[in-house]
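J.: Can you make the complete structure from the sequences, with help from the hints?
Start counting the sequence shown at 1087; every next residue gets the next number (the working numbering).
Errors might be hidden in some of the hints.
[What the hints assert, rightly or not] Here are the simulated SDA-like cross-link-like pairs (lysine to any residue), alpha carbons at most 20 Å apart as the crow flies: (1) Lys1237 - Ala1158; (2) Lys1088 - Gly1208; (3) Lys1088 - Lys1179; (4) Lys1179 - Val1090; (5) Lys1088 - Val1220; (6) Lys1179 - Val1221; (7) Lys1088 - Arg1143; (8) Lys1088 - Glu1225; (9) Lys1223 - Asp1128; (10) Lys1223 - Leu1135; (11) Lys1179 - Val1220; (12) Lys1088 - Glu1180; (13) Lys1179 - Asp1265; (14) Lys1179 - His1107.
[Unchecked claim] Label-pair ranges, simulated between beta-carbon atoms: (15) Val1220 - Leu1139: 26 to 34 Å; (16) Ser1224 - Lys1268: 45 to 53 Å; (17) Asn1186 - Leu1139: 30 to 38 Å; (18) Ser1219 - Asn1249: 27 to 35 Å; (19) Gly1258 - Gly1176: 53 to 61 Å; (20) Lys1088 - Ile1172: 14 to 22 Å; (21) Met1250 - Arg1214: 35 to 43 Å; (22) Val1104 - Arg1126: 17 to 25 Å; (23) Val1108 - Gly1193: 23 to 31 Å; (24) Ser1224 - Ile1172: 53 to 61 Å; (25) Leu1139 - Thr1181: 18 to 26 Å; (26) Asp1218 - Gly1116: 17 to 25 Å.
For the record, the hints were derived by calculation from the structure and aren't laboratory data.
Quick reminder that beta carbons are idealized off the backbone N, C-alpha and C, glycines included.
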Amino acid sequence: MKLVGRAVTVFATPGDNVMIHVAMEQCEPGDVMVVAVNSRSDCGYFGDLLATLMQARGIAGLVIDSGVRDLADLRQMNIPVFSRCISAQGTVKETLGDVNVPVVCGGQVVNPSDLVIGDDDGVVVVRRHELDSVVQKSEAREDREAGVRGKYRVGTLGLDMNNMRQRLLDMGLQYVTYDEDKETRD
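T.: Structure, rendered in structure tokens:
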């Protein structure tokens, strides 16, 4: 599952998803809703009903530093959702928070309009002014990894390719040869 879009940030309170409803109005097609909670909460803030609305509005997906519910439905709907936990515990709609303010989600500062990218390996946030640099560095890394992958395919060891042998010896690495004939058992 892949996710790419502009962040619309939500600052919510524990056990209360009213600000997600408010943010739905602020999101434009292709946006990613990023929800941070001001104190740890494992409630299921988002489920199949909000996912249905999200799809209808063309919102790209959700990143939340709390819980979601209705996981089977979310998978079937093919909605990109990245959450800290899964919980059947619902929420109330009582306490105001904020939309489109800087938040901390998953330990990462997310500003409104930052680029949010997610896949099976996790989520990254890219500041708009850093986008060109990040793209260049990502492409260079992909090229480098393609070269490494090619060497691994023919059996080249990382120890040799990265000139690690001497450094490991200097660190005290010792190779031990196992001799089955000298094995003793108690």
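J.: Indicate, hint by hint, whether the structure satisfies it.
T.: Status of the hints after comparison with the structure:
no. : hint                          : result
1   : Lys1237 - Ala1158             : violated (41 Å)
2   : Lys1088 - Gly1208             : holds (10 Å)
3   : Lys1088 - Lys1179             : violated (30 Å)
4   : Lys1179 - Val1090             : violated (28 Å)
5   : Lys1088 - Val1220             : holds (18 Å)
6   : Lys1179 - Val1221             : violated (40 Å)
7   : Lys1088 - Arg1143             : holds (18 Å)
8   : Lys1088 - Glu1225             : holds (18 Å)
9   : Lys1223 - Asp1128             : violated (36 Å)
10  : Lys1223 - Leu1135             : violated (39 Å)
11  : Lys1179 - Val1220             : violated (39 Å)
12  : Lys1088 - Glu1180             : violated (32 Å)
13  : Lys1179 - Asp1265             : violated (69 Å)
14  : Lys1179 - His1107             : holds (9 Å)
15  : Val1220 - Leu1139: 26 to 34 Å : holds (31 Å)
16  : Ser1224 - Lys1268: 45 to 53 Å : holds (52 Å)
17  : Asn1186 - Leu1139: 30 to 38 Å : violated (18 Å)
18  : Ser1219 - Asn1249: 27 to 35 Å : holds (28 Å)
19  : Gly1258 - Gly1176: 53 to 61 Å : holds (56 Å)
20  : Lys1088 - Ile1172: 14 to 22 Å : holds (20 Å)
21  : Met1250 - Arg1214: 35 to 43 Å : holds (38 Å)
22  : Val1104 - Arg1126: 17 to 25 Å : holds (18 Å)
23  : Val1108 - Gly1193: 23 to 31 Å : holds (25 Å)
24  : Ser1224 - Ile1172: 53 to 61 Å : violated (30 Å)
25  : Leu1139 - Thr1181: 18 to 26 Å : holds (21 Å)
26  : Asp1218 - Gly1116: 17 to 25 Å : holds (20 Å)
Hints 1, 3, 4, 6, 9, 10, 11, 12, 13, 17 and 24, counting from the list given before, are not met by this structure.
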